[in-house]
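Asker: Spelled out from the first residue to the last, the chains are:
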Amino acid sequence: MELKHFDFLLSSLVKKLYHKDKSITNEYLQEGVIDSQLGNDQVLTLVDTLEPILLEIGHSDLSQNALEKLLEPLELRQDFHQHFLKYWEQQRDEIRSIVRNELIFNDRLSGVSWRVDMKTNSKKISNINQPIAIVELLLSRNQQEREDTKSIMFEIDKTQISNLVNQIEEIESLLEKGIQQKN
Amino acid sequence: MSFFSEKRSPKGIFTAINSLNKFPQQLLAKLCQDVVDALQYKGSVPQVSHYQSELEKNSIELGKNEVQSTINVLFFLYRDASRASNLDQKQFLEILEKQTGITNQAGKVLATIWEREKQNLPSLNMPNVGKLIDFKWKVGVTFSSSISENLVTPFVTINISVSNTDDLVQTHSFEMSVPEFKEFARNLKEINQLLEVI
Chain P
1 MELKHFDFLL SSLVKKLYHK DKSITNEYLQ EGVIDSQLGN DQVLTLVDTL
51 EPILLEIGHS DLSQNALEKL LEPLELRQDF HQHFLKYWEQ QRDEIRSIVR
101 NELIFNDRLS GVSWRVDMKT NSKKISNINQ PIAIVELLLS RNQQEREDTK
151 SIMFEIDKTQ ISNLVNQIEE IESLLEKGIQ QKN
Chain U
1 MSFFSEKRSP KGIFTAINSL NKFPQQLLAK LCQDVVDALQ YKGSVPQVSH
51 YQSELEKNSI ELGKNEVQST INVLFFLYRD ASRASNLDQK QFLEILEKQT
101 GITNQAGKVL ATIWEREKQN LPSLNMPNVG KLIDFKWKVG VTFSSSISEN
151 LVTPFVTINI SVSNTDDLVQ THSFEMSVPE FKEFARNLKE INQLLEVI
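Here the protein sequences come in this chain order: P and U. All residue numbers for the first sequence refer to the working numbering, where the first residue is 1 and numbers rise by one. All residue numbers for the second sequence refer to the working numbering, where the first residue is 1 and numbers rise by one.
Among the hints, a few may not be true.
[Claimed, not checked] Computed spacing ranges between beta-carbons, pair by pair:
#, chain 1, residue 1, chain 2, residue 2, range
1, U, S146, P, A66, 41 to 49 angstroms
2, U, K182, P, N65, 21 to 29 angstroms
3, P, S110, U, N86, 36 to 44 angstroms
4, P, N65, U, E190, 38 to 46 angstroms
[Said to hold, decoys possible] As a list, the in silico BS3-like pairs of lysine-lysine whose alpha-carbon atoms are at most 25 angstroms apart:
#, chain 1, residue 1, chain 2, residue 2
5, P, K124, U, K98
6, U, K108, U, K118
7, U, K7, U, K98
8, P, K123, U, K22
9, U, K136, P, K177
10, P, K123, U, K138
Quick caveat, the hints were computed from the structure, so don't treat them as lab data. Bear in mind that the values here come from a model prediction, so they are computed numbers and not experimental data. Ideal placement from N, C-alpha and C gives every residue a C-beta, glycine not left out.
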């Protein structure tokens, strides 16, 4: 087996486990490494060893050291071992955000867009021609392999947005503190 | 809020029309035209200072706020008229005279411009944009889950209430991971900066 086969297995398994790609079957994996010296059974054994590790490191967000420890008993060839480490380093952020999004069971924010307008219709004449922002939030939810999105639009004036930003800054400092404590 | 269709008058309209009545005819016609042009994005919003000085040349003293209110009320009236179905010149003038204290002379100027421009003012319809009524948030840390045992990560949950044009309030809730929240925050701060500057 060459490095390219190993790489193929790794990236295909990530597609299967994290991107929920249903086309990655055992047959697909065996086909992909057909020009290696491996027999079909050997491919499946390798897959069975790699899968739980890939699941563990993604869902537990393991560090490189922890990954090393997990790989030790496998006694992989040196270049495969290095490649795995490097591959994880590259994929980590993306996989982390996939797992995080899986933890949002209801609606998540999938988009924000906005524009600033001059108000030309209001209950008070003095409000007309004041600048206001129109904000659109896209909220998405995963429903049985489909994604449902709804749009919420609202207008917001100077005072309101200033208030909002104050609250946003409060949240930011809370998150800062939280992250510092964790580290 | 419909003036021409439902006869509902916004607050401050009488005072604004009072100031409008003081305009010399030609200047009033120019202001109406400027407003209508601005509504079609053909020109920029009329400048208060310009009209103040033109009024002064005619020995008419109006404060900045008073001039601003005349501009605002014209925007309101022409926009509202464009939404009312098939409003002709006569009806425009009649309703205007009945609902506000506008002089016949000033009313005629507004109505003439309406007649001339009404084809060009398409129903300037804004989408159903609600108003933000309430904004609540909480920050939590998920320390375990069925999906991933060890992923300890904070989530921000937002609960917003929006009232639509019929005064119905809808509440929506959504969660964000930290990077998503940062993006959300960035957008809001940008809006804040822009609104401060204008």
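Asker: Confirm or reject each hint.
Answerer: Against the structure, the hints come out as follows:
no.	hint	result
1	S146(U) x A66(P): 41 to 49 angstroms	violated (21 angstroms)
2	K182(U) x N65(P): 21 to 29 angstroms	holds (28 angstroms)
3	S110(P) x N86(U): 36 to 44 angstroms	holds (42 angstroms)
4	N65(P) x E190(U): 38 to 46 angstroms	holds (40 angstroms)
5	K124(P) x K98(U)	holds (19 angstroms)
6	K108(U) x K118(U)	holds (15 angstroms)
7	K7(U) x K98(U)	holds (10 angstroms)
8	K123(P) x K22(U)	holds (24 angstroms)
9	K136(U) x K177(P)	holds (20 angstroms)
10	K123(P) x K138(U)	violated (34 angstroms)
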